[in-house]
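**Student:** Sequence:
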Amino acid sequence: MPLTTNRTDHSGLTTSMEDIFLVPLPCWIFLVYTIMLFLTAVHGGHEKGKPMMERELPNPPSRLRRIIVHICTAGVIFFTFGAIVLSALEVARLAQIHYGFGLLPFVPVTEFLAAVLFMIRNKPPKPYRYKSKFGGSFRARVGARVYPFWVLMIIVLSVKLSTLIRLPKVPERESGPYAIHHQINDVALSIGCLVIVFFSGLFGMALDIPTFT
Numbered sequence: 169m170p171l172t173t174n175r176t177d178h179s180g181l182t183t184s185m186e187d188i189f190l191v192p193l194p195c196w197i198f199l200v201y202t203i204m205l206f207l208t209a210v211h212g213g214h215e216k217g218k219p220m221m222e223r224e225l226p227n228p229p230s231r232l233r234r235i236i237v238h239i240c241t242a243g244v245i246f247f248t249f250g251a252i253v254l255s256a257l258e259v260a261r262l263a264q265i266h267y268g269f270g271l272l273p274f275v276p277v278t279e280f281l282a283a284v285l286f287m288i289r290n291k292p293p294k295p296y297r298y299k300s301k302f303g304g305s306f307r308a309r310v311g312a313r314v315y316p317f318w319v320l321m322i323i324v325l326s327v328k329l330s331t332l333i334r335l336p337k338v339p340e341r342e343s344g345p346y347a348i349h350h351q352i353n354d355v356a357l358s359i360g361c362l363v364i365v366f367f368s369g370l371f372g373m374a375l376d377i378p379t380f381t
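With the working numbering applied, the sequence shown covers 169 to 381.
Simulated from the structure, these hints should not be mistaken for lab results. Note that this is a predicted model, so its numbers are computed, not measured. From the three backbone atoms N, C-alpha and C, an ideal C-beta is built for every residue, glycine too.
Each pair of labels, with its calculated beta carbon distance range:
1. Met204 to His238: 27 to 33 Å
2. Val253 to Ala347: 14 to 20 Å
3. Arg231 to Phe206: 31 to 37 Å
4. Thr208 to Arg234: 31 to 37 Å
5. Arg234 to Pro339: 53 to 59 Å
6. Met204 to Val277: 15 to 21 Å
7. Gly360 to Gln264: 19 to 25 Å
8. Pro293 to Ile239: 24 to 30 Å
9. Met204 to Pro339: 45 to 51 Å
10. Val327 to Arg234: 35 to 41 Å
11. Arg233 to Tyr315: 18 to 24 Å
Given only the sequences and the hints, what does the whole structure look like? Please build it.
**Tutor:** Below is the structure:
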C-alpha cells in the first residue's frame, strides 16, 4: 500500500506529513540513539581487566517508597501497552479503509522498546559496571533516551491531533469503519497515555534506589 497516496483529503489540509515524517521522527532518533548506547558499550573497560565499581549500598527504601516505585513502574507498563494498542489500531483501521498509513508502524514498535529500556535501567551491560568511561552512567543514559522520546511523541502527536481536528470534511471520513472522530479519539488517548507514562517514569526513576547509577 502506498504511504498516503490513497487518501481522499489531499484537496486541502492533510496529515500526510505527520504520518510520514513528523510522528515517526522521534522513533528514528530514539532507535539510533539507543543502538549507540549498546554499540559503545561493546568497547568498555572490562575487556582490559579493569576492576568492578565499588558502590556503597544505600539504606533500604521505606515501604511507602517501594510501593510508589512499583505503582510508577506499573503505570509505565500499563499505559505503554495502551499507547501501543491505540497506535496499532490506528494503523490497522487506516489500512482497512485503504488509506496509506505512512510510517506509523514505527510508533508502536518504538514505544515497546522504550518501555523495555526503562525496565532494564538498573541492569546495565557489563561495561557500565566497571571502572571505565562507561562506569556508573547507564541509568542516566537510559533517561536521556526515554524521556526525550516520550516528550517528543507527545508534541508530534499533539500537532497531528490539531491537524486532524482542522481537516476539511470528507464524506468518506464522516462515517464508515474509521470515521475521523474515531481517529481523533485514538490520537488523543495516545497522548494521554504517553503523558502518564512520562510522569510515571520520571517519578519512578527519581524514587528508585539502584545498585548501579
